[in-house]
Each structure stands twice: as structure tokens, then as C-alpha cells.
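K.L.:
Sequences and hints are given; from them, build the entire structure.
2 protein chains.
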Amino acid sequence: MELLDETITRIEPQDKDTRARAHRRLESLVMPYWALGRLLDLAEDLAGMTRSLHPSVAKKTIFTMAADHGVAAEGVSKYPQEVTPQMVAAFVSGAAGINALARQAGASVRVVDMGVAADLSRLFAAGKILSRRVGPGTKNIAKGPAMTRDEAVCAVENGIEIALEAADDVDVFGTGDMGIANTTPSSAIVSVFSGRPAADVTGRGTGIDDEQLIHKVSVIEQSLRVNRPNPKDGLDVLAKVGGFEIGGIAGLILGAARLKKPVVIDGFISTAGALIADALCPRAKEYMIAAHRSVEQGHRAALELLGKQPLLDLDLRLGEGTGAALAMNFVEAAVRVLTEVATFDEAAVSKAR
Amino acid sequence: MELLDETITRIEPQDKDTRARAHRRLESLVMPYWALGRLLDLAEDLAGMTRSLHPSVAKKTIFTMAADHGVAAEGVSKYPQEVTPQMVAAFVSGAAGINALARQAGASVRVVDMGVAADLSRLFAAGKILSRRVGPGTKNIAKGPAMTRDEAVCAVENGIEIALEAADDVDVFGTGDMGIANTTPSSAIVSVFSGRPAADVTGRGTGIDDEQLIHKVSVIEQSLRVNRPNPKDGLDVLAKVGGFEIGGIAGLILGAARLKKPVVIDGFISTAGALIADALCPRAKEYMIAAHRSVEQGHRAALELLGKQPLLDLDLRLGEGTGAALAMNFVEAAVRVLTEVATFDEAAVSKAR
Chain A
0 MELLDETITR IEPQDKDTRA RAHRRLESLV MPYWALGRLL DLAEDLAGMT
50 RSLHPSVAKK TIFTMAADHG VAAEGVSKYP QEVTPQMVAA FVSGAAGINA
100 LARQAGASVR VVDMGVAADL SRLFAAGKIL SRRVGPGTKN IAKGPAMTRD
150 EAVCAVENGI EIALEAADDV DVFGTGDMGI ANTTPSSAIV SVFSGRPAAD
200 VTGRGTGIDD EQLIHKVSVI EQSLRVNRPN PKDGLDVLAK VGGFEIGGIA
250 GLILGAARLK KPVVIDGFIS TAGALIADAL CPRAKEYMIA AHRSVEQGHR
300 AALELLGKQP LLDLDLRLGE GTGAALAMNF VEAAVRVLTE VATFDEAAVS
350 KAR
Chain B
0 MELLDETITR IEPQDKDTRA RAHRRLESLV MPYWALGRLL DLAEDLAGMT
50 RSLHPSVAKK TIFTMAADHG VAAEGVSKYP QEVTPQMVAA FVSGAAGINA
100 LARQAGASVR VVDMGVAADL SRLFAAGKIL SRRVGPGTKN IAKGPAMTRD
150 EAVCAVENGI EIALEAADDV DVFGTGDMGI ANTTPSSAIV SVFSGRPAAD
200 VTGRGTGIDD EQLIHKVSVI EQSLRVNRPN PKDGLDVLAK VGGFEIGGIA
250 GLILGAARLK KPVVIDGFIS TAGALIADAL CPRAKEYMIA AHRSVEQGHR
300 AALELLGKQP LLDLDLRLGE GTGAALAMNF VEAAVRVLTE VATFDEAAVS
350 KAR
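Protein sequences, first through last, are from chains A and B. Under numbering that gives the first Met the number 0, the very last position in the first sequence is 352; numbers go up by exactly one each time. Under numbering that gives the first Met the number 0, the very last position in the second sequence is 352; numbers go up by exactly one each time.
By construction, these hints were calculated from the structure, which means they are not laboratory data. Fair warning: there could be bad hints in the mix.
In silico SDA-like cross-links for lysine to any residue, where the CA-CA straight-line distance does not exceed 25 Å [to be verified]:
| hint | chain 1 | residue 1 | chain 2 | residue 2 |
| --- | --- | --- | --- | --- |
| 1 | B | Lys350 | A | Gln211 |
| 2 | B | Lys350 | A | Pro79 |
| 3 | B | Lys350 | A | Asp118 |
| 4 | B | Lys350 | A | Leu119 |
| 5 | B | Lys350 | A | Arg203 |
| 6 | A | Lys127 | B | Thr342 |
| 7 | B | Lys142 | B | Arg37 |
| 8 | B | Lys350 | A | Val91 |
| 9 | B | Lys307 | A | Leu119 |
| 10 | B | Lys58 | A | Ser107 |
| 11 | A | Lys350 | B | Ala72 |
| 12 | A | Lys350 | B | Asp208 |
| 13 | B | Lys58 | A | Ala57 |
| 14 | A | Lys77 | B | Arg23 |
| 15 | A | Lys77 | A | Asp118 |
| 16 | A | Lys58 | B | Glu339 |
| 17 | A | Lys350 | B | Asp314 |
| 18 | B | Lys77 | A | Arg24 |
| 19 | A | Lys350 | B | Leu122 |
| 20 | A | Lys77 | B | Asp344 |
| 21 | A | Lys350 | B | Thr342 |
| 22 | A | Lys58 | A | Tyr32 |
| 23 | A | Lys350 | B | Leu119 |
| 24 | B | Lys127 | A | Glu345 |
| 25 | A | Lys77 | B | Asp312 |
| 26 | A | Lys259 | A | Asp40 |
| 27 | B | Lys77 | A | Asp118 |
| 28 | B | Lys350 | A | Asp344 |
| 29 | B | Lys77 | A | His22 |
| 30 | A | Lys77 | B | Tyr32 |
| 31 | A | Lys77 | B | His22 |
| 32 | B | Lys127 | A | Asp344 |
| 33 | A | Lys77 | B | Phe343 |
| 34 | B | Lys127 | A | Ser349 |
| 35 | B | Lys350 | A | Gly206 |
| 36 | A | Lys77 | B | Arg37 |
P.N.:
Printed below as a string of C-alpha cells:
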């Protein structure tokens, strides 16, 4: 709990003065006023986060957090649980969606075992993945809490440690997830924080049919009835209806915020992690960049809770960090506009009449 | 007229067989069905355009077409006409928005003088810009046609030639524009093709106020009354209420389509050019990729006429090709997904139950 408390204490708001200086530069660039719209908003944010008019964004890393979920036993996913370690192997081999998109964006991918229900020690020993296991998958939230409160703290602190250890190697953090059944705890989390019924914030995940969706909603309703998570207490929500990778993502976000570095939030599961981080430390929001709006039903509500407008809306629903990788291009683009575009005066271009 | 006619004849539809093969591969990738949504649609399109399951997209160039507009004399823009050549100089110096964003996307920028009302011969002689001047700016569309029909053909054929000459150097074309007052002819074009009143498709361009907007709408209404462009005749619309750069953009698009190469359409002015290209050859649409939805009021209607859903919606309204540059990242990302991601079988991952 010490690392978590210390981290929360150390998270500072964006720097207003640097933001203001960036704003003045951006509004004097050789273009009609604020003509690059949300790219300029992002540039201003990045200056405020990093305290710099030349934010470093060269070193970009997506941390893809993997874990399993006891609630998979309820048949809430189209895929068997063995897919979680199989996808970890695919990430390591470089052949998954996140690998292709991270390469496009010039980002690295680090895969983290937060608690996969399989033995990944060979991949860890070979240096292919990070290991921050909290346990061999969570318990079934339809029957009781996903994890103990101590395990929830451990998951979040593991995420913080990953961020702090990467401090010298990463300018821009990205979140990602892998875990069969993990839209179920994510919908439960969004339901708790938004106060909306499970049916409003539950989607088809990997592609379940109407009947399976009705079942999934009932499983989430049951998990909320059985566990009664307290929306005022982020650790309680994580412990009762969360997941190890969701806790790890929350911790990664808090760690990035502590380091005064931007963190690009991927899709639905990552946003559930962001909601936990927000519940623990609302100031952390100032370092979050919402990558995209997922197809997943509850994502809109989750982003609204954070007050974040996503950069992209491309009907993605893969996770892994794929949306975050795509959005990394905009982080770099925003910084290039801030640092490489001349002002009207510098370019000797006539101003508006 | 020969080059235009020949080009229209030679534009073929996308290749259905390659599209089908791409579709089969994309739906077997190691992810839930079509989980990268519109990125997969784009990958399928790129395969159909290029007739390849490994579309070449390494060489990306934005052609920023510049020209002046007689209608600037009506006071429809916030900026004086001298800004057009000043911005051309900024593009050449590498200090404008398009330069920064093209660098981010790994794209080149070629600036084309389609008819700027200034002497740019030194920049041309120094090899800094292409020169395809149709004239020293169009005539005032509030008083009569922007150009003769021959000049309209010349503008479009100049654009086609630029594309054909770049055939070996460019895998992916991008459009861009610069021309003070050019949202005015663009709104006129959208009004003609959509049948909507000018007020519905006219926006604030570089940022005019309410009173100036009312005036701009009345100027566009007058241009339509005076000229009566025929929506069935793309050259008539271009000649009567268009612009030299808009014709050049239309030609570039037709040339790209003839080459079976994708062309990323930037914002409002580029989409007006795309509407001219579409009127001349509807098949050309199969090679167009809509980059973004601009703030400019008429852009939504213009994209609907083309049946195109844009990739981005970031409140951009700069033009120059900036939205096309940002969208180039997605073209590359789509191809990486098509070519670098394994199938379930290749990755030995269990399929859905």
C-alpha cells in the first residue's frame, strides 16, 4: 500500500504555465485560428503533462497486460480460456494485431503476465515477457470477489512498478489488455461507477449472440448483487469485480502520471482500468489520452465518466493496445505541429484582416 | 480533352477477386471476427484497388495544389490574397502544417502552382514546386464563370498528368489545397451536386464572423444564379463555379484511379475536387479514401454524396493536405494488418466455440 499511497501523493496536475505558453504558440501558428482542432488541444495537453514546449515522444511503448478471469467459467465468452496464453505467445512472436500496429506507429510492445491461468515461466525466463503475476487468474465474480483487497493493491502496485522501472526507456506509455472474458468485469466496473444498469453497459465482447448476451448481462448483475462494490472505493471495485490486468493497467496509468508522462488509453478494458485509476487519484486523468471509442457498448459511458473525447472511432473491438498504437501517431503529430510549424511572424505570412 | 477521355475510359473498377481473397484472409486473422473494424475494410479496399494482397504503400506523396480565386474580391475570406503565394513559400521552406504532418506520416509533399495570382517562377526554376498554371487565378464567380470550359479541361488534365508522371514514385497519392477564398467555390460545387441551398453547405472557412458568413452565402447564391451550372456535367460545374486547384485535384484523383492506386482525399476543398472527379467518372470513387470530416459545414453533405465515411473527425479545417497526411498512417496500418498478422491456424490459437 506504501507505493500506491506515495504514488497518489506524488501525482501533480498538469503545469498551467507551460500549457499557457504552448497555447500562445499554437494560436500564433501559420494557419487560421486553431485550424488543426483537436490535434492542437492534444499538443497543449502534452506540453502541460511534460512541462515542455518540446515534449519527448520518441520512445513509445505499449504495455499489454494479460490475465485470466474466473468468470470465464460462466460461459460469457466465445473463446476458451486457453486463448489467453496462446495470444501471449502470438504477441511474443510478433504476429498479432498489436505487433503490426505498434510497428506502424514506431512503438515497442511489452507483454506483462499479470495472472494468466497457465505456466508462462519459459517466456519469462527467455526475457520475452514481464512477469507480475498476482495469481493464476481471478475467482469467479458471479460467486464472490475476484480477488482480495491485498491482491487488488498488489495488481495496482505491480502496474506502478512497471511504469517506474520503464521511466528512462519510455516517453509515452500505452495500455493494452488480453484476457478471455475480460469485457465482463469491465462492464461490471462501468456499471458500478456510472450507476447504469448492466444491460446498458454490456456488449458482445468477442462476438457473442443475443442469447449469450442476455446470459452475460445476468452474470454481471449477479456479480454486482453478490459483491456490492462501493463506487467510492476504487480498490473495493477492483477487488470485487475487477481483474489482475485491469489493476495492472490502473497502476501503469498512475505510474505514468507520477512520472509526468502521457499515457494513451486503449479501448474498453483499458478504460475500465482508467476508471479504477481515476477513483484512486482523479488528478491522474490529466495524463490520460483516450485513443478510440470501441464498438463495445459500455465504452461511451466509460469515456464520459472520465470526461474524455477519444481521438478515433473506427469500430475497433480488439484490445491488446491496438487502438493505443494507432493513436500514438497523433501524439507524435501533435508534437511535430507544436515544434516544427512556424508562426505567422516567423514565416512572414500576412495575418487575418 | 483527349487525355481526360482516355483516362476516364481506362479507369477500371476494383478487382473483385483480389478483394475476395483479402476478405478471406482478414476474416481468418487471429482476432475476433473483423475486430479491427474499419481498418479491415480499408485493407480490403486497398487490396481491391492495387490487385495485390501485399499492396505497396511505402511511397506516399501529398500533392498540395495552389491557386487563386477571383471571388476573393467579394471579401469572402478573412485573409488577403497575398497569403496564397506566402503559404506556397512556407510549404517550400518546410515550416507549414502540412510539412510537419507529412514528415510524421513518412510522406513527401509536392506543391503545384495551378494558378496562383503571383509570380512563382523562381520557385519553379529552383525545382521547389511544380508548375501547371492554367491562369493567374480564376475570374469572380459572383459575376460570371470562374474559367472557360477549355481551362476546366486543362486544369483536370494537368492534374492527371501530375499523377501519371509520378506513377513510378508514388504508391499512395494524397490531395491538398491552398487558395485564399477557396471554400467559396467548394461550397458552390457542393450546393450544385447536392441540390441543397448554399446556406446549408457554407461554413466559416478561415474563421469569418456571422455577418461575413451571411455575405458569403449571398455571394455563393449569386454565383449559382449568374452561372447556372449543370450538375450532370462535371466540367460545366468546374468551369462555372470551381477553381484551378479544384480541377487539379479532380485530375489527380482520376490519374490515381487510372493507375489503380489509392488516393487519400483531404478535407472540404479536396472533396469538392473529388465530386468533380466523380461527376466525370463515378468509378473513380473506388480509389478514393476519405481522410477526415472537416469542421466546414458542407463537408458532411459532400462526403455523403460520395458515399464515403471518413477515417478521422478531429475538428480540422486547415486543408493543405493535413488530414490526408494524418490518414496516411491508417493506410500503412491497414496494409500491415493484412500482411503481418497471422491467421488462427498460423498462430495455433484456438478458435471460437
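K.L.:
Run every hint past the structure and note whether it holds.
P.N.:
Hint-by-hint comparison with the structure:
1. B/Lys350 x A/Gln211: holds, 17 Å
2. B/Lys350 x A/Pro79: holds, 8 Å
3. B/Lys350 x A/Asp118: holds, 21 Å
4. B/Lys350 x A/Leu119: Given that 25 Å is the threshold and the Cα spacing comes to 21 Å, the pair holds.
5. B/Lys350 x A/Arg203: holds, 17 Å
6. A/Lys127 x B/Thr342: Holds, at roughly 21 Å.
7. B/Lys142 x B/Arg37: It is violated: about 44 Å lies between the C-alpha atoms, which goes past 25 Å.
8. B/Lys350 x A/Val91: holds, 19 Å
9. B/Lys307 x A/Leu119: violated, 45 Å
10. B/Lys58 x A/Ser107: Measuring from Cα to Cα gives roughly 24 Å; hence the hint holds.
11. A/Lys350 x B/Ala72: Between A/Lys350 and B/Ala72 the Cα gap is close to 17 Å, so the pair holds against 25 Å.
12. A/Lys350 x B/Asp208: Given pair A/Lys350, B/Asp208 holds - Cα atoms ~16 Å apart, limit 25 Å.
13. B/Lys58 x A/Ala57: holds, 22 Å
14. A/Lys77 x B/Arg23: holds, 20 Å
15. A/Lys77 x A/Asp118: Roughly 23 Å between the alpha carbons, so the hint for A/Lys77 and A/Asp118 holds.
16. A/Lys58 x B/Glu339: holds, 22 Å
17. A/Lys350 x B/Asp314: Measuring from Cα to Cα gives roughly 22 Å; hence the hint holds.
18. B/Lys77 x A/Arg24: holds, 20 Å
19. A/Lys350 x B/Leu122: With a Cα-Cα distance of about 23 Å, the restraint between A/Lys350 and B/Leu122 holds, given a limit of 25 Å.
20. A/Lys77 x B/Asp344: holds, 17 Å
21. A/Lys350 x B/Thr342: violated, 54 Å
22. A/Lys58 x A/Tyr32: Not OK: A/Lys58 and A/Tyr32 at ~31 Å, beyond 25 Å, violated.
23. A/Lys350 x B/Leu119: Holds, at roughly 21 Å.
24. B/Lys127 x A/Glu345: At roughly 20 Å apart (the allowed maximum being 25 Å), A/Glu345 and B/Lys127 satisfy the hint.
25. A/Lys77 x B/Asp312: violated, 32 Å
26. A/Lys259 x A/Asp40: holds, 18 Å
27. B/Lys77 x A/Asp118: violated, 65 Å
28. B/Lys350 x A/Asp344: With a Cα-Cα distance of about 60 Å, the restraint between B/Lys350 and A/Asp344 is violated, given a limit of 25 Å.
29. B/Lys77 x A/His22: holds, 22 Å
30. A/Lys77 x B/Tyr32: holds, 11 Å
31. A/Lys77 x B/His22: holds, 22 Å
32. B/Lys127 x A/Asp344: holds, 22 Å
33. A/Lys77 x B/Phe343: Roughly 14 Å between the alpha carbons, so the hint for A/Lys77 and B/Phe343 holds.
34. B/Lys127 x A/Ser349: Given that 25 Å is the threshold and the Cα spacing comes to 22 Å, the pair holds.
35. B/Lys350 x A/Gly206: holds, 12 Å
36. A/Lys77 x B/Arg37: At roughly 22 Å apart (the allowed maximum being 25 Å), B/Arg37 and A/Lys77 satisfy the hint.
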